[in-house]
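All residue numbers for the sequence shown refer to our numbering, where the first residue is 1 and numbers rise by one.
Hints listed in this document are in silico derivations from the structure and should not be mistaken for laboratory results.
These figures come from a predicted structure and were not determined experimentally.
A few of these clues could be false.
Said to hold, decoys possible - Simulated pairs of lysine to any residue, SDA-like, Cα-Cα distance not exceeding 20 Å: (1) 169 x 158; (2) 265 x 172; (3) 169 x 47; (4) 265 x 205; (5) 73 x 147; (6) 266 x 219; (7) 266 x 239; (8) 73 x 142; (9) 205 x 95; (10) 235 x 95; (11) 266 x 304; (12) 265 x 75; (13) 384 x 205; (14) 157 x 271.
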Amino acid sequence: MKGMKRIKIGLLPRILIAIVLGIIIGQVFPLGLVRVFETFNAIFSQFLGFCIPLIIVGLVTIAIADIGKEAGKMLLATVILAYGFTLLAGFLSLFTGLSLFPSLITSGIPLEEISEAQGVEPYFSVKIPPLMDVMTSLVLAFVLGLGAATLDSGYLKNVARDFQHIIIKTISSVILPLLPLYIFGIFLNMTHTGQVFSILMVFIKIIGIIFALHIFWLVMLYVLTGTLVKRNPFKLLWTMMPAYFTALGTQSSAATIPVTLEQAKKNGVSNEVAGFVIPLCATIHLSGSMLKIVSCALALMIMQGIPYSIEMFTGFICMLGITMVAAPGVPGGAIMAALGVLQSMLGFDDAAQALMIGLYIAMDSFGTACNVTGDGAIALLIDKFKNK
């Protein structure tokens with residue numbers, strides 16, 4: 001009817017609807033229909049993987065170029081904040097685990113009770129290899145951005161700005177509208193197989209503590225940030241909720257960059273700072289993943305009777321904060337990057353690593369959501385630092 005306004009549903013409600021529908025419908029959908037959505041997810045995931053390096057180059061390059069001579073200082077400040085927060089999260093997780101886990105964990109749980117979740121296979125998939133990996137795109141963006149900032153000619157900067165517009169158009173017209181459907185497919189698959197939830201039930205008490213740690217960490221982080229930037233911390237945190245729930249579905253910090261970027265800007269972060277900090281932090285800020293890996297590693301060591309100490313975990317946390325930067329920005333990337341450190345520093349054998357992968361992937365969403373929500377706090381602090 002003429003005169004009737006179209007009801008516009010925001011991104012956060014659409015994501016929540018997608019998650020709820022995925023869990024409900026996944027219990028009744030036949031395998032054939034689940035595979036249809038899994039086929040869409042397989043193709044969209046390939047497209048997303050292809051776009052992620054381009055998003056980083058497109059957003060970070062022009063952000064550095066616009067910042068100009070201040071880019072070096074901002075890079076150093078962002079790295080220090082991201083690594084510092086990641087380490088703090090690790091030690092919070094360690095001391096909480098040392099206090100609570102020994103009384104909650106029963107030794108001698110059979111290894112076969114826990115297995116890595118296996119999803120439904122798509123009917124077909126189309127391979128869309130990215131032009132470069134995440135770290136290569138990040139370094140390329142730094143080189144091009146710093147070059148454009150120092151050149152007298154504005155030609156490179158104009159090309160970078162045009163490319164930025166293409167990326168922003170792709171995000172707003174393709175990625176964001178399809179994200180809820182992608183998230184629906186992920187939860188549909190998880191519910192249909194049921195294996196992820198069976199893993200969760202084995203460790204329900206430990207997972208409850210880890211989830212509470214994530215919430216405590218985010219509240220503490222935003223109270224600190226809100227105090228420094230003189231803003232309401234809970235309002236700032238609420239604004240970042242679309243990014244939190246998007247990450248619950250995508251299980252990837254890099255794939256959530258478009259939403260994290262948008263919400264950071266809504267919190268008052270300037271375009272150039274948001275475009276610089278958010279893509280960078282998607283690679284180097286891993287507080288949520290650190291909380292989860294340290295807790296899971298400690299829990300499994302207690303469960304299997306493996307000796308541990310504060311000194312051992314101190315070295316592990318410091319090294320893990322560096323190693324996880326190599327995570328490729330995909331679901332489960334952090335734990336794959338951490339396997340070498342788990343083996344060399346904590347003595348995890350193949351069976352213990354399999355346990356770790358299964359437990360981590362079962363609750364991968366929560367760590368990723370904590371990561372991207374924390375990225376918004378770092379962006380606020382860097383914006384404050386830049387405008388000093």
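Legend entry - Those earlier numbered hints the structure runs against, lowest number first: Result: hints 4, 10, 11 and 13 break, sorted rising.
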